[in-house]
Amino acid sequence: MNDAPNDAPNDKDEELIVPDQPNPLDAETVRAIEAIIMVAVEPVPSELLAQLLEQPIVVIDRLCAELADAYAHAGHGFQLTKVAGGYRYQTHPDLSPYVERFLLDGQRARMSGAALETLAIIAYKQPLSRAQVASIRGVDPDGVIRTLQARGYVTEVARDSGPGQAILFGTTPTFLEKLGINSLADLPPIVEFVPGAEVVEALEHGLRIDPAADARG
Amino acid sequence: MNDAPNDAPNDKDEELIVPDQPNPLDAETVRAIEAIIMVAVEPVPSELLAQLLEQPIVVIDRLCAELADAYAHAGHGFQLTKVAGGYRYQTHPDLSPYVERFLLDGQRARMSGAALETLAIIAYKQPLSRAQVASIRGVDPDGVIRTLQARGYVTEVARDSGPGQAILFGTTPTFLEKLGINSLADLPPIVEFVPGAEVVEALEHGLRIDPAADARG
Amino acid sequence: MAVDVSTSVYEGPFDLLLHLILKEQVDIYEVSLSHIVDAYLEEIERLQHLDLDLATEFLLIASTLVELKARRLLPGRDDIDIDDELALWEERDLLLARLLECKTFKDVAGVFSKLADDADHSFPRAVGADERFAELMPDLMDGVTPARLHRAYLKATTPKPAPRIDLFHVAPIRASVADALAELIDELPRVGRMSFRRLTSGLVERLEVIVRFLALLELFKQGLVELEQAERFGDIDVVWTGGDGVLDDLPVDDYDG
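Listed in order, the protein sequences are those of chains R, C and Z.
The first sequence lines up with residues 588 to 804 when you count with the numbering used here.
The second sequence lines up with residues 588 to 804 when you count with the numbering used here.
The third sequence lines up with residues 561 to 817 when you count with the numbering used here.
These aren't lab readings, by the way, just hints derived from the structure by calculation.
All C-beta atoms, glycine included, are put in the ideal place defined by N, C-alpha and C.
Careful: at least some of the hints might be erroneous.
As the list claims (entries may be wrong) - Partial list, derived from the structure: chain R residues whose beta carbon lies under 7 Å from chain Z:
| hint | residue |
| --- | --- |
| 1 | Glu687 |
| 2 | Leu690 |
| 3 | Leu691 |
| 4 | Met698 |
| 5 | Leu703 |
| 6 | Tyr711 |
| 7 | Ala737 |
| 8 | Arg738 |
| 9 | Leu766 |
| 10 | Leu774 |
Unchecked claim - Computed beta-carbon distance windows for the label pairs:
| hint | chain 1 | residue 1 | chain 2 | residue 2 | range |
| --- | --- | --- | --- | --- | --- |
| 11 | C | His660 | R | Ala652 | 16 to 26 Å |
| 12 | C | Arg733 | R | Val645 | 50 to 60 Å |
| 13 | R | Thr742 | Z | Ala707 | 22 to 32 Å |
What the hints assert, rightly or not - With a straight-line cut-off of 30 Å between C-alpha atoms, the simulated DSBU-like cross-links for lysine-lysine are:
| hint | chain 1 | residue 1 | chain 2 | residue 2 |
| --- | --- | --- | --- | --- |
| 14 | Z | Lys674 | Z | Lys663 |
| 15 | C | Lys712 | Z | Lys674 |
| 16 | R | Lys765 | R | Lys712 |
| 17 | C | Lys712 | C | Lys669 |
| 18 | Z | Lys715 | C | Lys669 |
| 19 | R | Lys765 | Z | Lys663 |
| 20 | Z | Lys663 | C | Lys712 |
| 21 | Z | Lys715 | R | Lys712 |
This is chain R alone, in the form it adopts within the complex (with noise of 0.2 Å):
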């Protein structure tokens, strides 16, 4: 329990945090351990952390044991809570009723054209990585696919087998539903472009006059 903030000065930040645990390296890790899973879509299990940060998995445990116990002190809005095997951000359950007005009336309800194209990629591709949707559009599609992943549109559906093993991406049955199909099948099909088009376009545009040629007359 760290019910101890009052106990000593606190000349260093992280003392707050795990007062009892004056080893700067594991202040280090708390703070770690923090920031990973603020980011981390899914739970993180605690090897994945003891990996990362290079500590066994009972210092793991045992900092985010005390951390939970920190944060429940403090009384903070959020908890740090052990679920499906891993650590996650949830939110207080007194105060769903705020999350939930949140939820309601306060997010964008609309598919921007970036998570709507990427969605399209992974449904005509899959199973396709981050990596290979990134080099289609030409964009880092990380924070699109978190959000597809988070409404459940996309999923981990495969490991690439090459070195990496990168994550492979393919659409859910939610998916389907909500599209109002029944199998991939049911999409219209692509006819793929012939390399050229770019080639022509890049030519009709070439020979557009600029305004701006003008003005250096």
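Mind docking chains C and Z on chain R? Use the hints.
Same frame as chain R, but now just chains C and Z:
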């Protein structure tokens, strides 16, 4: 400043966060702010929080500022920041090595010099057309603008009222997020960058028409 | 005169000009263009490959310098019209203003770079609510149909056009369009019909293809060829319709706006 957790016994959890605000309404509001921002996928504007929590915007902004201070003071691995007009949780910058290790593809693409310069022009001069960008950079900005558009940093904000109705570009909230700033007002004033007299003089010298130049040859 | 420009500095024509004027203390009226060209060629050599963008930007700045220099070298400068003199000053002031503006935003870009680098060290939480709130999550797919998804896929996968090369850049090699015209006029009447792809198959540089295309458009404008495209994005067929007569002195439009 929130360095007062040692001053009073913590019979109320919330007091650790806002010790100088014993108003329980504020404690509840603060906890609700934490919960809402925790489930948001993009920065939450003060106005929205104010509306959902039925508090004046100034109160929300004050509480968020205090909360951010409290997190910083406690040395957490995460921060509460105001970016692109809203509040969000983000990881503390000094933990980026751990977070990047976790996210694997966490490294962001760096922008080229051309992209940064074009972005700078658009940020300060918006709304403006391609031709106007070209006249400043002296280079056709088409490819660069398209890249910036694809990344979501700039967008078409209007059409020129003149003949041709050129597309006018401006920056997006994503741009503000990319730079980690709250609004365009946070950018340094452009006058600070206007070259000094010696540069002007050097340029003038280089471009002079004065026949005296002949004498130097 | 040694022009020692690194690639990161060598971004655009104004960069070069700024560099020349500020770093090398160069009076552009004294600059030997051949020196600049030599320095440029050395730079290209060092880069190991020809970057078309750099090349065109260089041509642009070189032509600007030639233009300014030419004004100095014009015969009868003593009789120069006061209006011309004023125009020259005006042009020079305009150039100065643009250089100052260019430098300003170059410096601002440095600040942006720093801000972005700092911001890149923090990662935002964008996780959303947990499953307890699943039924309250807005249905993002509301209004998304298979057809919309299909369109989005096509939009995402349609090759993005290569960076545009417009006449702003091509202008300095205007003479080549006339050359290309001459070649086409020699070749097309003999073959009658040929695809644009084949017509340009022997060309290595993108610029050459573009110049060919310009020449072809010129012929089209003159009513000497027909262009046919059987399908969207398909090959363009070029058909000679100009007869067998020898064509001399075909008027070529001045592309410089």
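Quick rundown of the hints versus the structure:
1. Glu687: At about 6 Å, which falls below the 7 Å cut-off, the nearest Cβ of chain Z leaves the hint on Glu687 (chain R) intact, so it holds.
2. Leu690: 4 Å, holds
3. Leu691: 6 Å, holds
4. Met698: 4 Å, holds
5. Leu703: 4 Å, holds
6. Tyr711: 5 Å, holds
7. Ala737: With Cβ-Cβ at 4 Å, under 7 Å, it holds.
8. Arg738: Status holds, d = 6 Å.
9. Leu766: 6 Å, holds
10. Leu774: 5 Å, holds
11. C:His660 x R:Ala652: 16 to 26 Å: At 23 Å between Cβs, range holds.
12. C:Arg733 x R:Val645: 50 to 60 Å: 53 Å, holds
13. R:Thr742 x Z:Ala707: 22 to 32 Å: Check passed, 24 Å falls within 22 to 32 Å.
14. Z:Lys674 x Z:Lys663: Holds. Lys674 (chain Z) to Lys663 (chain Z) sits at ~17 Å (cutoff 30 Å).
15. C:Lys712 x Z:Lys674: Roughly 20 Å separates the two Cα atoms, so the pair holds.
16. R:Lys765 x R:Lys712: Given that 30 Å is the threshold and the Cα spacing comes to 19 Å, the pair holds.
17. C:Lys712 x C:Lys669: 24 Å, holds
18. Z:Lys715 x C:Lys669: 34 Å, violated
19. R:Lys765 x Z:Lys663: 53 Å, violated
20. Z:Lys663 x C:Lys712: Between Lys663 (chain Z) and Lys712 (chain C) the Cα gap is close to 15 Å, so the pair holds against 30 Å.
21. Z:Lys715 x R:Lys712: 14 Å, holds
Checked against the numbered hints given earlier, this structure breaks hints 18, 19; the rest are met.
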